Amino acid sequence: MSTPAGRSTDTIATTRDRLRNLGDTASASGLWALIALLFIWSAFAQTQLFVVGIIVGSILALGAIGLTLIYGVLRFANFAHGDMMMLGAYLAFFALTGTVIGEQTNIDVDAGWSLNRLPGATSGLGDLSFGYGFLIALVLAAVVLAVLSVGLDRLVFRPLRRRGSGIVIFAVASLGVAFSIRAIMLIIWGPDPRSYISGIHRAQHYPFDIVLKTDQIFTFSVALAMAFLVYLLLFHTKLGKAMRATADNPDLAVVSGINTDRVIMWTWVIGGALMAIAGTLLALQANLKPELGFGLILPLFAATILGGIGKPQGAFIGAMVVAVSQEVSVEFFAAGYKPGVAFLILIFILLLRPRGLFGTTS
Amino acid sequence: MRAQRLITPVTLFLIAFFVVALPAERSRDFDGTISFLAGFATTVGMYAIFTLALNVQWGYTGVFNFGVAAFFMVGAYTAAIFTKSPADSEYVTYIGGFGEILSPPFLNSDQWLPFLVATAAAGLMSGLLALLLAVPTLRLREDYLAIATIGVAELLRRVTIQEDGLVNSNRGLIGIPRPFHDYFDPADYKFVYLAIVVVVLVLVFIAVERGIRSPWGRVLRALKEDEQAATASGKNVFAFKMQGFVLGAVIMGVGGAVFAYSRGSVGPATFEHFFATFLFWAMLIVGGSGNSRGAVAGAFVVWGLWTITLQLNGYDLPEVVRSRIFFIRDFVVGALIVAVLLLRPQGLFPEERRVSIWLDRQMRRQRRLPREPDQEAEA
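Protein sequence lines correspond, in order, to chains A and B. According to my numbering, the first sequence holds residues 1 to 362 in order. According to my numbering, the second sequence holds residues 1001 to 1379 in order.
Extracted from the complex, chain A is given alone in its bound form (with noise of 0.2 Å):
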């Protein structure tokens, strides 16, 4: 080939490379000036609604930063993610209260044990609304969703990874299991609605005319608390380098001499446990319903994709995006339509940068 060709071709492709670069930092600088825009002009015009979003917006991270932590290093999207969430918080209720539906499924029976009965399990922590025995529950709940993961991997998804199976056919087999999970729960909690705690629990005032009750403030703090244990373990720990690098680069984690067997265990234990801490919280703050999980899928996708595939710090600044916006829409729209704003989103991000404000191009 002649010089002076070659080197035409080579100016094309540069200058292609670099126009494809210059595309990609506005997209994703355009995307950062958004967020930023949308979390200062909310938490100016709408104080109490941005602050309440926040804190939904954390406890919506824990799900979501398990949900990309499953989607980063198994490959597959999680359906049951949002059913999964919800029967964390019924295994909480059931460790706090025992109860489960007798023959008749709208007459409650007592399992005979429950932390409600340890002495002083009740009586609410300073302004809380619950005492020590929600903690316990917590916790509980937590250890018994993530064996619970475990064993469902085990069970469904890695037969099928060992099968070589594509991505949709994991999909649709989390499409069943999420289906599964919420016959299970209707089958020992019955449809009716339920709550850890019974009585009106009073809101406090603070500066800035927000309206909060404790116990939202107590959630906000648990969620970050765990974001933070979660961040120290994925980027101060090797199994952290390890899952991050499987979420990044599955063939170039194995080469690299790292246990994907082990990887994609801890990755159901900590997607697990922190589901069941989520979907507790969650619940806290309003009730339990076994319909409420399917319901959670689209705003913790929409946080997924936002920050970008296999990205935590992404799901994190992702979740409070959809949360705040959620939050803020009541304003404007009918509060039926918050799934909508979640779903507007998701699309927006679709069209504009598909990948994510994290997310690498693969």
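If you are wondering where the hints come from, they were derived from the structure by calculation, not from laboratory data. The structure presented is a predicted model; accordingly, all values stated were derived computationally and were not measured. Hints are not guaranteed to be accurate.
[To be verified] Output of the computed footprint for chain B on chain A, the stretches with three or more beta carbons under 8 Å from beta carbons of chain B:
1) 286-299
2) 334-342
[Unchecked claim] Simulated restraints on C-beta separations:
3) A/Val-100 to B/Ala-1269: 19 to 29 Å
4) A/Arg-154 to B/Thr-1231: 34 to 44 Å
5) B/Pro-1215 to A/Phe-228: 56 to 66 Å
6) A/Tyr-231 to B/Pro-1086: 51 to 61 Å
7) A/Thr-11 to B/Thr-1231: 21 to 31 Å
8) B/Asp-1226 to A/Val-255: 16 to 26 Å
[To be verified] Simulated coverage check for chain A against chain B, where a stretch passes if three residues somewhere in it have a Cβ under 8 Å from a Cβ of chain B:
9) 98-106
10) 147-161
11) 347-353
Built from N, CA and C at the ideal position, the CB exists for glycine as well.
Use these hints to put chain B onto chain A, whose structure you have.
Quick look at chain B alone, frame taken from chain A:
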């Protein structure tokens, strides 16, 4: 190997046996049983239309639609709006109501013309929705479309509930007219409607089979198997995927219309995710994706199981089971899909390797010709 081959006929036989035997044993009345079976067959036929449509999208094109409910809903509501009379009370509000405009006074047109127009409109609207949804998502990873379709199904359901004047909110639309209703005795109408459903199903089945056995269908298959290879052969992957997705959506819209006339009422509760999306996925996976016969068989098997579970409730079951029979049925369908994926991923009817009308014809011709002795030796 032989046991594997027996699974399909045995399953079909068992389901058929129980679907007939349980109501016959309980009612001990011939007419009642026949009437029950007609209703059962109508439902299976309608759901088979959706399963065939899903098969066009997933089984043949490899497009991943988790929001069948959205297209189902658009089809059903469009059909209702086009066939009903306009809203006339302050408690019932909805747009449209074109039934009377579409019934000019000739040949009893009110018995068929609005339904033809409405069914076409239902397919059109549903296809349009697919087109809108495909533009941002179809070029991306295949699971993004799944998430987007779940989203649009949920959003549209919210819209129908929130916007009071659109399709009567939570109360839904009732009193949807039925085709050829005035010609027949109301007691016999279910058999007439069964015939209509069968005609629509057969038309859809033939259209799908014709399409998939054409060169166009083989491109769809090719890009499902290996998108890069299809691109390298000069096929416009995006255009073909779009066509497969939209065609499936059009059929779902038609299915929604057929459903609306059959039930006579539609409301937001009809389009819950479990019922209106997941059930069709279960049917397709059980029947075998990538096979039209499988899609129909899957609809039969899953709806058969559904019906049998309900029939069991008439027997002397322990109270613990009886009070939870609906939840147990949901669990059975959910677990069934996982079990099939794990134990028999190909479903009842495995995907066909060869899809070509031309080749089928050649094979038939060859079989008809007397074989020559030397050819046999070669083989």
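Counting residues of the stretch 98-106 of chain A with a beta carbon closer than 8 Å to any beta carbon of chain B, are there 3 or more? holds (count 3)
Go ahead and decide if the range 19 to 29 Å is satisfied by the Cβ distance of A/Val-100 to B/Ala-1269. holds (27 Å)
Do the Cβ positions of A/Thr-11 and B/Thr-1231 conform to the proposed distance bound of 21 to 31 Å? Between A/Thr-11 and B/Thr-1231, where Cβ atoms are some 27 Å apart, the hint holds.
Do three or more residues of the stretch 334-342 of chain A come closer than 8 Å to chain B, measuring C-beta to C-beta? holds (count 6)
Kindly confirm whether 16 to 26 Å is satisfied by the beta carbon distance between B/Asp-1226 and A/Val-255. holds (25 Å)
Three or more residues of the stretch 286-299 of chain A near chain B by CB distance under 8 Å? holds (count 4)
When you take the CB atoms of A/Tyr-231 and B/Pro-1086, is the distance between them in 51 to 61 Å? holds (60 Å)
Is it true that A/Arg-154 and B/Thr-1231 lie within 34 to 44 Å of each other by Cβ? holds (38 Å)
Using C-beta distances, would you say chain B covers the stretch 147-161 of chain A, given that this needs three or more residues below 8 Å? It holds: at least three residues are needed, and the stretch 147-161 of chain A offers 3 whose Cβ sits within less than 8 Å of chain B.
Does the beta carbon distance between B/Pro-1215 and A/Phe-228 stay inside 56 to 66 Å, or does it fall outside? holds (58 Å)
Taking 8 Å as the C-beta cutoff, is the stated coverage of the stretch 347-353 of chain A by chain B satisfied by three or more residues? Coverage by chain B holds for the stretch 347-353 of chain A (3 residues, Cβ < 8 Å).
Checked against the numbered hints above, the structure breaks none of them.
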